[in-house]
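Residue numbers (my numbering), protein chains in the order written: chain A, 1 to 901; chain B, 1001 to 1228.
Think of the hints as simulated: they come from the structure by calculation, not from any bench.
By construction, the Cβ of each residue, glycine as well, lies at the ideal position given by its N, Cα and C atoms.
Mixed in with the good hints there might be a few duds.
Said to hold, decoys possible - A few chain B positions that, by computed beta-carbon distances, are all more than 10 Å from chain A:
(1) S1006
(2) G1035
(3) P1043
(4) E1106
(5) G1134
(6) D1213
Said to hold, decoys possible - Label-pair distances were calculated between CB atoms; the ranges are:
(7) A:L484 - B:G1137: 52 to 60 Å
(8) A:M832 - B:D1020: 50 to 58 Å
(9) B:L1224 - A:G510: 47 to 55 Å
(10) A:L336 - B:R1219: 24 to 32 Å
(11) A:V19 - B:D1020: 23 to 31 Å
(12) B:L1224 - A:R340: 37 to 45 Å
(13) A:L484 - B:E1145: 42 to 50 Å
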Amino acid sequence: MFLLRHALQLVLREPRRSVAAALGVGIAGALITSVLLFGVASGATVTRRALADLPVDAQVVLTPGADRAAAETIVRADPAVRDVLPFTLVHFNGATLQKSGSATQTSSGVLVGVDAGYSDKTGLFKVAQGAATTGQITVSRDLATNLGAVPGDTVRFALPGGGTADLVVSGITDITGADLILGPVDAAHRAAGTNSAVDVAVMDRASLAAIATSIPAGATAADPGAQGGGSSPVFAPELAVRQELQLRYDHALLPGDPASAQTWLTDVRHRIEGQGAGAFLVADDASASLAPIASDLVWGQILFIFLAFPGVALALALSRLAADATADATRRHAALLRARGATPRQLQRVFIGATALTALAGALVGSLIGVVLASVRFGSELAASDPVGAIVRAVIIAVVAATVLATAAAAFPLREQLRQEVAAGRQELQRARAPLWQRLYLDVLAIVAAIVVYYVVGSGIHPVIGVEGNPTVTIALTSFVAPLLLWTGGTLLLLRLSQRVMSRSGRLAGWLERILGPGGELAGRSLTARAGAASRAIVVLALSVSFATSVLIFDATYRQQQRVDAQLTLGADLKIVPTQPTDAPAVAGLAGPGISTVTPFVDRIVYVGSEAQDLLGIDPSTLPQVSTLADTFFKGISGADAMAALRSQPDGILVSDETAKDYSIVPGDRVRIRVPDVNGNLVQVDFRMAGIALEFPTAPKDAFLVANQSFVAAQTGNNRISFALARASGDPTDVAGSLGARLGSGWQVTDLGATNARLANTITSVDLADLVLLDLIFAVLIAAVGAALFLLAGLVERRRELATIEAIGAEPRQLRALVIGEATVIGLSGLMIGVLSGAVVGYTLLQIMAGLFDPPADFPTVPIPALLGAALAVVVGLAAAVFVADRALSRLRVLALLRER
Amino acid sequence: MTAVISCHGATRRYPRNGTDAVVAVRNVDLEVQPGEFVAIQGPSGSGKTTLLGLLAGLESADEGTVSVLGHDLARLSLTERARLRRSGMGIVFQSFGLVASLTAGENVALPLALAGMDRDERRKRASAALAEVGLGGGEDRRTDELSGGERQRVGVARAIAGDPTLVLADEPTGSLDDENAAVILDLLTATVRKRGASLVLVTHDPESAARADRSIRMRDGAFLNGDA
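Isolated chain A, as found in the complex:
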C-alpha cells in the first residue's frame, strides 16, 4: 500500500515525467491496436473478396422424389437466402461422335441443365463460341477436344440405365470456376479433393429434364475405371441424376472474419437442412472456399504485424529517451524519498510501480487513439466483423503488451538513474563501461546469424501461390527469422557506430559554427559530449525512417507486382469489348483522349488436329506498344524478335511448348489449323511456325496459339474482333470512365484497377494502403517525439549550463541555433542512415516474400515521391520538435537555475 501510494504520488506530482514516459507507450499502444484491427479488417476484405467471385454459396441437393417446389419455398423463406437457382446435373457414361465414317468416344462426364439467366447471375458456363440454343448443347473445351466436336456436330450420350440421347452441339462453353458445382457434393469427397468432371455439356434445364426421365430412378453414375477409362483413378459413386437448388446468400449478413463467417454459414446450413426434414441436404460451397483462406489469413496477419513490429519496438524505445529526458525529476523525487528513509529496494519498487502506472495510462489512451484511427481508415471493413469484440480484444492485447514491454524497457535506465541519485551525480547519464551487448558483440553476431539463416533456411522457404487461380500461401515462421535478426543486429550496430562517430567528431563543432555561428559550435561540442544520448536519438530517428522506407518500398513493389499480374490477365491497361459483332477497322475509332495506342485482338477457338485451342489474333505492330511482352514469355527468342517474326511473316504462328512437343514441330514447319469463319464453319488454314510462346497477355495457362489477326481474317473471311486492347496515357481507371462515357453502350470497358481488385483472393488481395499510411504516421510521430525527447533531455541535463550561457550574453537566436544545430545533425544522420538501412530491410523483406507475387519482382520499386514525402514529414516533425525545445528554452528560469546549489 505504501509503495502504491508513493508510486501514485510520483505519477501525479511529476506530470512532465509522467507525460513523457506515457508518450512512447501511447504510440506503441496505438500502433499495436490499429495493426491488430487492420488484421481484422483485412480478414473482412479477404472474406468479402473470396465470396464475391463464388458463383453460388450453397447447393441444396434434393433427395430422389422430393418436391422441388416445396423445397424452394422452404429455402426462399430463410432470411440468409437472396437468390435460388434451379440446377440439374445428369451423369453420362460416355459420349460418341460419328464423323466421316469414324467414331470418337470419351468416357464419363456430366450434362448440366440451367435456366436462362443462370450464366449472367453466376458467371458460369459462358458461351465462348457459337450460341446456347434450346434443345442443343454447348460443350466444354475438353469434351470438344476429346471428341473433335465442332458446332453443328451431333453427339450421342450413353446414359446410366442404358438409354442414349443424341444432342446437337451449338457452341463451346467455358467451365472455369465450376469445379465445386460439377464435383461431388458430399463432404467426405470434397474433403478428399475429388476431381470434378471436365467433359461437360450444358443445355437448357427443361430439355435435360426430359432426357432425365429416361434414366431409371436410383440409377448411379458409372465408374469410368470399370469402363476402362484409366484417366480417372478415383470415382465418387453418385446418383445419375442430381436435382439441385443453388443458393446465393445475402453477403451483407456475413461476419467479416473468415472463421466467424464459416460458423455463420454452418448455422445457415443447419437451419435450412432442419427445415427440409430430410427432403434435401445442403452442400456448403462458401464454407469450403473459406477454409483455406482462414489459414492464409493467419500468415497474412503475421506479415502485417511484421511490417509494424519495428514501429512498436521503436515506440517502446521512446520510453528510454523519456527516461533520459526526465532524469532530473527522477533524481529529485528519489532524493526526497531517500530523505524520508526509503531503502534502495523500496525506491526501485516505487519508481517501477510509477512507470507501470504511467505505461498503463499511456497504453490505454494510445489504444483508444488506435481504435479511432482504425475506425477512420477502415471502419466499414471493421463493421463487417463483430467490431465490438474485435476492438475489445485488440485493446486488451495492446494495453497488456505495451504496458509490460514499456515497463521492462524503462526499468533498466531507471535503475541507472537511481544509482546516479545515490552518487549525487549531476552530469549526463553515461555508462562507466560499455553495455553487455557491446562487449559481447551481439550486434555483429546477429547480423552474421541473419546471413546464415537467410542462406541456409530462408532461401528455400517462400510463400507460394497455388496453381489454377486458387492462391494459397504456405509460409514458414522461419522466413521471418533472417529479417528479424538483421533488423535487431543492424539496430545495435548502428548504435555502436554512431556512438563512436559522435564521440570522436572533432570537426563537427567547426562545421556547425560556420553554418550557425557560436550556437552551432556549442551544438557540436554538446553532441560530442553527449555521444551516448545523441547516438540513441539518431538510432531512433534512423530506424523510424528505415521503417518508413522499407514499408514504402515493400508497398510500392507489392502494388507494382499486382499491376504486372493484372496486366498479364487483362492484356493491357484497358480491355474494350464490343457488345455487337464488330470488325477490326472499327478499332481505329476507339482512339481519342486518354488513349495512347489501341490494338485489335481476336480470341477464337480453333482445332489443331482434334484438339481445341485458343488462337490469339494480334497486330504485331501495335500490340508491343499496348501490352508488356517480357522476354520470359517466349522460348529461345525475345519478345521483340517474336513480334518481328510475325510482322515479317504474315502466316507465322507462335505455338505453345506443349503443342510443339506433341506435334514435334520446329520453326519453319507448316501447321494446319481449322479456324471458324464468320458463320462458325471451320476453315482449314495453313500457318508456318515462327516460335514458341510460354505466356501471352490474356492467354489461358494451357495451350494457345498466336498469329497475325489480318492473316486470319483474310484466310477465313472473318474480320471480327473479340476485343481491343489499349494503353492509357493517364490513370487507367479514370480513362476507362471517360472512354466508357464516350463510347456508350456499344463497347464495354474494363480497366486494370478492376482486374487488380479481382485477381487474388488471399492476402495479396488486401490493400496495404491503410497499413502503410498507419505505419508512416507512426514512423513520423516516433521520429518527431524521439527527437523532441532528445532535445528536451539535453535541455534538462544542461539547464544550468544553458542558464549560464544566457547570463554571459547569448542571444535568444544563438540559443536557438544550439537546438537547431543538434536537431540538424540528428536529423540528417537519421535520415541518411534510415533511407539506406530501410532499402536493405525492404529488399530483404521482398526476397522473403517473393512467392507472394506471380511473377516475382526482379528489383524492388523505389517510390521516390513517397519517400521524399515521408522525409519531408520527418523534417516537419523535427521542426516541431525544435519548436517545442525552443519554447522550453525561452521559459528557462535563468536566475533560479543559477541559484541552484
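Given the structure of chain A, go ahead and fit chain B onto it with the hints provided.
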C-alpha cells in the same frame, strides 16, 4: 561622471499561490560609480541575487527603473540585454558556471565567441586572461580536470576577458575553502581594479564585504536604513 548603475525604486515580485506575491526586491535605490567596488551583504533569501539579476538584465523590475551602463534596461529587448551583458559586463557565479563540453580556454572565450570575435583573437585574449588568473598554458584542460579553485579562476578569467566596465559577482567564493576563497577574491578585485571597472559583489561574508569601497546590507528585499 555618469553612474555605471543607476537604480531607483526597483521592485521585483514573484507570484505565489495565484494572486499572492513575494516581494524579492523592495523599492531599492542604488548608484554605482565607475571603478567603484560595492558589496551587497545579507542573509539567504534577503534578495541579493534577485537584485543582481535585475542589474544583469536577467530579470525585469516590476516597478522603478534600472539603468546600467547608460541603458534603461526596461527599454531593451532580450537580444539587446544579451548584447549589453556580453559587451559591457562580466559575471562570476558561485557554482563557476562552466560549460562541461568546452575546455578551459573555450569557456573563457565563450562570451567573445558569442560576440562574433575572430577565432584567433579570442583565443589570444582567453590565453591572456587565463594567464592573468594564474592558469597560463591551461587552455586545453577539460573542466572536470580542474579543482574548485581552478574552476573559479576560469570563471574570473571569463568575466574579465572582454574587458568589461562592470563585473557582477554572485557569491564567487561560496563554493570554496577559505584559502581558495581568499585567493579568488584577491584575483577578482585585482583584475577588476586593473581595468578600472566597477565591481558589485554579492556575499554573505562580512570579511569579503569589508574589502569593498562600500558595503550595503539587505534584508527582506530592501536595503537597511542608511545603506545605499
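So which hints don't hold here, by number, going up? 4
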